[in-house]
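One line per chain: the protein sequences are W, X and U, in this order.
Numbering of the first sequence is given in our numbering, commencing with residue 1 and proceeding in unit increments.
Numbering of the second sequence is given in our numbering, commencing with residue 1 and proceeding in unit increments.
Numbering of the third sequence is given in our numbering, commencing with residue 1 and proceeding in unit increments.
No lab work stands behind these hints, which were simulated from the structure alone.
Don't take each hint at face value.
Taking lysine-lysine and the BS3-like style, the derived pairs with C-alpha atoms no more than 30 angstroms apart in a straight line are [stated by the list, open to error]:
#1 U:Lys-265 / W:Lys-302
#2 U:Lys-203 / U:Lys-113
#3 W:Lys-324 / U:Lys-208
#4 U:Lys-229 / W:Lys-158
#5 X:Lys-360 / X:Lys-85
#6 U:Lys-265 / W:Lys-293
#7 U:Lys-208 / U:Lys-69
#8 W:Lys-258 / U:Lys-151
#9 U:Lys-203 / W:Lys-310
#10 U:Lys-113 / U:Lys-204
#11 U:Lys-229 / U:Lys-54
#12 U:Lys-229 / W:Lys-28
#13 X:Lys-85 / U:Lys-194
#14 W:Lys-258 / U:Lys-69
#15 U:Lys-265 / W:Lys-321
#16 U:Lys-194 / U:Lys-208
#17 U:Lys-154 / U:Lys-265
#18 U:Lys-265 / W:Lys-284
#19 W:Lys-299 / W:Lys-258
#20 W:Lys-310 / W:Lys-258
#21 U:Lys-154 / W:Lys-258
#22 U:Lys-174 / W:Lys-258
#23 W:Lys-198 / U:Lys-174
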Amino acid sequence: MAQDVLVVGELAGGDITSTTAELLNAAKSLAEGGAVAVTLLGATAGAAAASAFAAGATKVFSSGDAAYDDGRADQWAAAVDAAVGQQNPGVVLFAQSPIGRDVAPRIAFRRNTAVAMDCVGVAMDGGSFKATRPCYGGNALAVYSFASSPAIATVRAKSFDAAAPAAGASGETVDLGAASASSIEIVGMEAAVSTGLKMEEAPIVVAGGRGLGDAEGFREIEALAEAFGSDKATTGASRAAVDLGWYPPAKQVGLTGKVVTPDLYVAVAISGASQHMAGCSGSKMIVAINRDKEANIFKTAKYGIVGDWKAVVPALIAAVKAAK
Amino acid sequence: MATAEVAFPEGKPARTRVLGAWWSTAVGLAGTGIVVAAEAERTSAGREVFWNEVPGWLAYTLMSALVGLLVYGLVRHASIWMLGKPTPGILADWPNRLRNATRFGLTQDKLRRDRYAGIMHWCILSSIVMLTFVTAQVAIDDDLQLHFLTGNYYLFYSFYGDLFGLIGLVGVGMALYRRYFDNYHRIRWDERVEDHLIIWGLGVVLLSGFFVETFRILATELEQHPDWATWSFVSAGMALFFSVFEMTEPQMLFAHYWSWITHIVIAFGWLGLIVFTKLDHLLFAPVNAFFLRTDAPGRLNAIPNIEEREVFGVGQIQDFTWKQLFELDACVRCGRCTNVCPANLAGQPLSPMHLIQDLKRHLADVGPELQRVGHAGGDVRAVSPVAMVGEVIQDETLWACRTCGACVQECPVLIEHVPTIVDMRRYLVLDEARIPATAQQALENMEMRGHPWRGTAFERTTWMEGLGDVPLFDGSQEYLYWVGCSGSLVERNLPITRSVFRLLREAGASFGVLGQEETCNGDPARRLGNEYLYQILAQQLIETFKSKGVQRVITNCPHCFNTFKNEYPQFGGHFEVLHHTEFLAQAVQQRTLIPKFPIATNTVTYHDSCYLGRLNGVYDAPREILAVLPGAQMREMQRSKSAGLCCGAGGGNMWQEELGERRVNHVRTEEATTTGATGLVSNCPFCIQMFEDGIPAIQPDEESRMRAFDVAELLEQAVLGPDAAKA
Amino acid sequence: MHFVVCAKQIPDPETPPSAFRVNEQTNEVIPAQGIAPVLSQFDAIAAEAALRIKEAGSDVKITVVSMGKESAAAAIKQVLAMGADEGLLLDDDAFQGGDWNGTVKVLSAAIQKLGNVDAVFCGRQAADWDMGQTGVGIAETLGWQAAIIAKDVKVEGDKMVVQRVLPDGFQTVKLPLPSVVTVSNELGEPRYPKLAQIMQAAKKTVTKWSAADLGLDAGAVGASGAQLKLERLFIPQAGGNVIIIEGETPQEQAQNLVNALQADKVL
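Model the full structure from these sequences, guided by the hints.
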């Protein structure tokens, strides 16, 4: 049964984000022939519309008001709610991003419906919308259906592939107008101190955990990333290590940190609690170095070395350097 | 219930006991002297007291001044000690306390742990005591007109007077050598003017004493009664030497007169130092030995009625007991404590000696103000002039303590550093909630999950997998095998638990385990200063034990062992407790376990865990097991048994980041590697973990690396064969 | 000022994976033997944020509110021991089996009934379901603003200044009071309670309100009011076919790993 699906798009660098493209592709299959609408809010909304259509959108709710670029929840919620009111979709999809986390529950509670946050799967199953999401720190998966409409879900990045852009696709564009007044004042923005690559973009992430024993251990982790190449690899840490103050919070990989999906994820002295795996299980390949052969990390890793990181990592640094 | 043990139990006391009565040397010498004197012909030997018209009144004046000074000094000290809180049970068990005062005060039992210092100190002490006796006799002889310093006794008196003068000079010489020529540092860690003054002063007193005798003999006996003179063998020898100079009589009298004046003035002056310097240990050390606890050294005091109190730990100096304040005054800054402190050896921020001295100085600083408040009728406890914990004693100093007891073990004046440190930790944790993050996590974990191992992937039953039928304790078995949190939740310790289990089964022991019903017994909480959490955990577990009918316990871990054995009786839990090495050693002795397979590790060194060794005196059982392992050769480390060094994990440091130059486990592992052994054997899950971490750091080459084992693992190899653990 | 801290008692998230079990018939987590429920860590951190403001000198009353069964009083006591002033347990059989709509309705009703609440502090998400919508839901229901995933919270006059954790840095926003803030672990460890406070907390009585006290229709909350239906709860199968790289020495292991990575064209 066809239904309309609304995707709450996000913009970056003058274009829709990769997650928005993924959501549009997912929306297409959820719509089962219905409209795939997308909201595009921000200064570059007009320019990004073409990519949205190319990615599968059939209708764009757009506002080029630069105020939206600041991501204030009250303004976003008003605009998205207006689009929902106009389109009356069966499903609304958000990215599991700061905006998704902030705005999706607003729409759900404003419209007296429900939202499933941080989903890794959304699908139509026998005519009803199902959202699958990890819970209990990633130990379990829960599948939800909705008794109310629209069904709202925020979806984790890389949960779906984006469709190959359909050249020349176009559709209807509706103007949402300027942003409403906001009572949220943005006082400042401080970029996280991070050297080199962003964790979410690096092809290789070398991460250390509580098993390193102290903050000093991260010098070796950095040396290994350096050996892989500072243009390719960066470092990360488990929450346990971050909470102990051994590494900056911006480097935290996991459920409450960053979700990374590199080609290679090297987990050093990380036991692999589900909370951590939630942040790295999307990696194409995981290599684990751990003294405990029973460690959970080995359940997900492709390659494992059972041994003391203090011996293995220096050897690995040498071997990687030699291989180049 | 084991009988209360006095101070630190020694593994093999026999040898030290024989040498122990150093005092007997003095008695023996005196006895010989009496016999010799009795054999001698009766004689009219004697001399005139206050000969040469020396001003006797000077001696009495000075003595009165000294007595006055001592009384003043003591009263002043005592009024400061009394700022402390009452010391519960300080007179209980007084026979043992008297024994301690004798053992440590008179026979100097602790001092001999440094042989040189032991001899030196005995020389000085015996000389002071005997020469005071000699001098006292002169006074009595004259004052009471008894005139007993005549005849044979006079000759004997002359003999031992000279003998102990000489012994004293030997001691002074040894002290001077150590202070100025020996490349020896601990006594210079906190050196003060008084240290020089005391030793030079004593030297001058002794020498001037000899000069008095020398010139008296030169002027009288040498000519008139040379046979008497020879009894004063040192002075007579010196007189013979001076006779070469052919002094005139007035010259001799002059020299005698001024030697006497010098001797008397310096001697009383020197004794006056008792009031102002560390020389006060002469009085305080034996008294402190009397005050020494007579229960188990591994036991920490319970805070009674903890739920009804307002202050829990010691955050200000007046919250210590008066005994704790008293012992600050006993410290002589010898540095023995700091010299053996594992934290200090690793360059971490704790020196027990400086801690005691800092507290002492702080007490001197704030004491008068506290007294003023007290005199004015104010509440002394409510005054807090300076934050003692945090400013005078840094937090990290308190956290660096391993509670290993090495400082307490070595202290010649019987200061108990560990309870004082834990009292201040209690303040940090219970009153201030100021805790290092990792230690806090361990405490929270004990509170929430009943074990300190946050993030463990194991369950309390994981180790049982593949072992077949593991009997649960139901009251019908003889022993409860207590696995403990480390034994079941830390990966490296699981094989040890399995080894102990298989050995118990092989030995046919009647035992069961608690499995899921085990919870932390509270030891880490207590050591980290959270007495409240400890009491909750302890009371819960005692109830569990009682409800299950537990009477005998075999523990994996020396910390559990110490807690059950020494600390649970404080809360009505009386159990018979064995560490697994004790049980296994018995089983080997009774041939229920027969080591027959050669073990792969051919040279082993043994590390005494503090809580099994020093604090509970179990040194022999593990060694007996190692001795019968086929193919194993034992190499002792330099620091072993009661002088053993902590692995670094004690006192809750298993869960703390170490601050300082090195890690204690690296220091200890290094000591183990110098034995050249291929196996480093211990008996404690914490030690094993510390060594597993320390060995790769000290021996980077994996091929030739030493390996860490529990005693039980090696015994299992020997009894059940090398493949038993793999099955 | 009056702050509300929302606290939830949850199954211990540090339950070893081997002890974590699910009843797939009833879609419920089977409580692990011997592992007691705990206060959700993020809620303790939320309490920490509120307490830091109180300590900085503001005249603040902190009420800790939990929806749950009688046993949730333990979570409330824990926050009281940290220094909160009053405890409120929202306990009614009608609340059971609800979704986030129900929870938000109950909590919002309680906050309204408390009256004059200036700010609500929630954890960024509860560590059981990891949903992270309750805080925003309360704000929406009460018509307030919300700042989510905070690492620092301050009050300046009638505004709340929040430093938020974003993927690429920290954003500082100013919201009018009353507002909701959800707090993340970047704020720092929650404090360890002083024993005197534990004793005081033990003596405090926790107020209990039912659906009737809140004027809520039992049909609107709990299972009957739920719009999100849990269809299935299961433990995903782990891959479990790790290739352990062997080697006599670490050097050999490292070399073998590099060889494997090169063969897979990852290097």
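Against the structure, the hints come out as follows:
no. : hint                  : verdict
1   : U:Lys-265 / W:Lys-302 : holds, 14 angstroms
2   : U:Lys-203 / U:Lys-113 : holds, 24 angstroms
3   : W:Lys-324 / U:Lys-208 : violated, 67 angstroms
4   : U:Lys-229 / W:Lys-158 : holds, 25 angstroms
5   : X:Lys-360 / X:Lys-85  : holds, 16 angstroms
6   : U:Lys-265 / W:Lys-293 : holds, 26 angstroms
7   : U:Lys-208 / U:Lys-69  : holds, 10 angstroms
8   : W:Lys-258 / U:Lys-151 : holds, 15 angstroms
9   : U:Lys-203 / W:Lys-310 : violated, 50 angstroms
10  : U:Lys-113 / U:Lys-204 : holds, 21 angstroms
11  : U:Lys-229 / U:Lys-54  : violated, 40 angstroms
12  : U:Lys-229 / W:Lys-28  : holds, 24 angstroms
13  : X:Lys-85 / U:Lys-194  : holds, 23 angstroms
14  : W:Lys-258 / U:Lys-69  : violated, 34 angstroms
15  : U:Lys-265 / W:Lys-321 : holds, 16 angstroms
16  : U:Lys-194 / U:Lys-208 : holds, 26 angstroms
17  : U:Lys-154 / U:Lys-265 : violated, 50 angstroms
18  : U:Lys-265 / W:Lys-284 : holds, 12 angstroms
19  : W:Lys-299 / W:Lys-258 : holds, 21 angstroms
20  : W:Lys-310 / W:Lys-258 : holds, 26 angstroms
21  : U:Lys-154 / W:Lys-258 : holds, 25 angstroms
22  : U:Lys-174 / W:Lys-258 : holds, 25 angstroms
23  : W:Lys-198 / U:Lys-174 : holds, 28 angstroms
Of the numbered hints listed earlier, those contradicted by the structure are 3, 9, 11, 14 and 17.
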